[in-house]
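*Asks:* As a plain string of letters, each chain reads:
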Amino acid sequence: MFTFTLRRLLIAIPTLLIISLVIFLLLEAAPGDPLGEVPLTVPPEVKARMREALGLNSPWYVRYLLWLKQFFWVEPVHLWDALFGTSYGEGMQRVISFQSRQPVMQIIAERLPQTLIVVGLAYVVGVLIALPIGIISAYRQYSWFDNIGTFISMIGFSVPTFFTGVVLIIVFAVKLQWFPSVYDTTLQVTDWASFKAQIRQMVMPVTVLALYNAAQISRFMRASMLDNLGQDYVRTARAKGLTEKVVVLIHVLRNSLIPVVTVIALGVPTIFGGAIITEQVFKVNGLGQQLILSIHANDMPMVMTLTFIFAILIVLFNLVADLLYGILDPRIRYD
Amino acid sequence: MLDATGKALIEVSGLKMYFPITAGVFRKHVGDVKAVDNVSFTIYEGETLGLVGESGCGKSTCGRAILRLYEPTAGAVRIDSKDVLAADANTLREMRPKMQMVFQDPQASLNPRMTVAAIIGEPLDEHTSLSKKDKLARIYELMDQVGLNRDFANRYPHEFSGGQRQRIGIARALALNPKFIVCDEPIAALDVSIQAQVVNLLEELQDRLGLTYLFISHDLSMVRHIADRVAVMYLGQIIELAPRDPLYLEPLHPYTQALLSAVPEPDPEAEKSRRRIILKGDVPSPANPPKGCNFCTRCPKVMDICRQIEPTFHEVQPGRYVACHLYQETAG
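Taken in sequence, the protein lines are chains A and B. Letter 137 of the first sequence, counting from 1, is numbered 137 in our numbering, and no numbers are missing. Letter 324 of the second sequence, counting from 1, is numbered 659 in our numbering, and no numbers are missing.
Rather than coming from a laboratory, the hints here were simulated on the basis of the structure. Accuracy of the hints is not assured; some may be wrong.
To be verified - Here are the simulated lysine-lysine pairs, DSSO-like style, with alpha carbons at most 30 Å apart:
hint: 1; chain 1: B; residue 1: 417; chain 2: A; residue 2: 245
hint: 2; chain 1: A; residue 1: 245; chain 2: B; residue 2: 470
hint: 3; chain 1: B; residue 1: 433; chain 2: B; residue 2: 468
hint: 4; chain 1: B; residue 1: 626; chain 2: A; residue 2: 245
hint: 5; chain 1: B; residue 1: 626; chain 2: B; residue 2: 615
hint: 6; chain 1: A; residue 1: 245; chain 2: B; residue 2: 615
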C-alpha cells in the first residue's frame, strides 16, 4: 500500500507538470488583454510601461518557468515563513494577481474558508442524507418511500441550482423573511447571537447544494444496492439464517459502496472549486466567485493558480478513491 | 432404497409459488407466472429425492420455496413436523441451521469480498457462541471434511476453481450440522470430471452425517446415480414420483418416457436401436398453462379428456405416483 501510494505520487509529478503547461498555453492562446479595462485616456507609452511591469513582454516560456518557480518554490517558502515566523522568503517575487496586485495565495487563503464552510458542509450533508435514502430506496424498491425518494432526487438532479436558489430566496427570504438572501462574509462568530446569524445565512445555500449532491449520490447508491441485492450470495447469506440487518448492512452495503465511493471521492475537489453558480446567487464570495471575476479581468496568474490547484486536488482524490477501493475490496491489492 | 417405514422428515403439501405479472402505469396485477403449482411430496429421513425436469419447469423455485427463500403463495412445508411457511422471522431464523442449501453457481453464491474462513464461519457467528479458537477449529474441520486444504482459509473465492468453490459452498452448508440440504443443481456449473468428485463427496457426507437431500438436476444419469426416489416436474407440477429403479426401467407418464428416451446410451449397439420419443412444440408459458393436463399440448398419447380435466396426482402402484389420465381409468 505504501509503495503503491509513493509510486502514484511520483507519477503525479509529470502528470501535473503537463497539466500546468496545458493550462498555461490555453490561457495564453485565449483572446483578451489584461490591460483591456484600462481607460482609453491612458497614453500608450504609459500602457507599454504597465505591460512591462506586469512582465507581459517576455516570451511565454520564460513566464511559464517563472510561474513554476514561484508556485513550487517561492510560495511554499512563504507558507513556511507564515507558519513558523521565519523570513527565508524575503525579497522573493510571489505570484501576484494582475487585478488586485495582491499575492494570489493570500486571496485564496482569504476566500477558502467561506467556500469550505458552505460548499463543504453542503457536501457532507448531501452525502449523509443520500446514503440512507439510497439504501432504503433499494431495499424497498417501488415502495412509496422509493417512489418519493426517486422523484425528489430526479428533481434535485434536473433542476439547476440557480433556479432552486432563486426559488428559495423568493419563498424564504422575500415572502417569509426567515433567512437573509445575501451571505455576509464579514460576519464574525463571537457569541451566541452571531452564531445564530451565521447558521441562518448558511441554511439556504447549504440546502440548495445539499439537495443537488444528495440527488446524485442517492441515485448511485440505490442503483448499486439494487445490483447487489439480486446477487446469489445475498440469497446464500439469507439461507445461512443471518438477520436482515447483517445481510443488508454487511453483505450488500459493503459490496455496493465501491462505485459510490468513487463518486463521493471524485466530488470532493469540486468543493474547493466552489459552487460557482450557487456562490453567485447567494453572494458568497468564495473561490468559485473569485475564479469568475478573474476570468472576466484576464487575471492570468490568478486563473492559472486556481485552475492548477483544482488539478492537484483532482489527481490527489483519484488516488484517495483508489486507496479506498483497496480497503473496501480485499481482492484489490496494491503492491 | 425406499423405506416406506422410514420417518418423514420433509412434508410438502399443496405448495404454490406464483410470481405476479403486473402491467400498465399503476402496475395492475394481470396474471401470475405459476412457477410451482400445487406440488406435494414427502422426503424420508436419510434418503435422496431427485427432482428432474427441463429448464424453466420450476425445479429451483420449488427448492427455494421449501426453504422459504421465497415467500410461497400457498401450501405447507413441514420439516420435523414444524411448519416452515407459517414461522415468523425469528422462529424461521432458528430453524435455518436444520435446513441448508447448496447453490447452483458456486461463483456468484459466495460473497466475493469475504475469505473462505469468513464465509464458512459466518453461520457459526450467527447461531452459536463458540470461542474464536473453537470456531477456527470447526472451520478447519469442515474444510477437511470437504477436502479443502486448510492453508486456503484466508483466500478469496475468486482464487479457486469451480469444483473447489462448490466445496466451499458445501462446507458452508454443513457448518451448522443440518439435517436436510437442498442441492440446487450443484454440479451443473462444473465440468464432468469435477461433477463426479462433488457427487461422490455429497454421497460420502450423506453416509457419514446421515443427511437428507433434495437433489435438483436436469442430468438424468446423475440423478439415477445419486437418488433413491425421483420426482419429475413439468410446467410447475410434479407429474411422476417413483423409486429410482422402477422409474428408469418402466416410466409411466408419457413425459417421463420421452425424457428418459433422450438419455444417450453408452453402448453403441444399443444406441443404434434406441428409439427416441421426440416431443413436438414448445413448453407452454407458465403464465398461461393449458386447460386440463399441463402436458396435453405435446403429449403423444393425448386423449379428449386430457384437454378438459386436470388429472389428479395419485398412487398407481405402491410407492409410485402419477398424474395422468392413462392410469386414472385403470386405477378406477
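*Asks:* Give a verdict on every hint.
*Replies:* Going down the list of hints, with the structure as the test:
Our distance criterion of 30 Å between C-alpha atoms is met by residue 417 of chain B and residue 245 of chain A, whose separation comes to about 25 Å. Between the alpha carbons of residue 245 of chain A and residue 470 of chain B the distance comes to roughly 22 Å, so the proposed pair stays at or under 30 Å and holds. Between residue 433 of chain B and residue 468 of chain B the CA atoms are separated by roughly 24 Å; this keeps the pair inside 30 Å, and the hint holds. As the CA atoms of residue 626 of chain B and residue 245 of chain A are separated by approximately 44 Å, the hinted pair breaks the 30 Å bound.
Restraint check for residue 626 of chain B and residue 615 of chain B: satisfied, since their Cα atoms lie roughly 18 Å apart, inside the 30 Å limit. Distance restraint check for residue 245 of chain A and residue 615 of chain B: the Cα-Cα separation of roughly 49 Å exceeds the 30 Å cut-off, and the hinted pair is therefore not satisfied.
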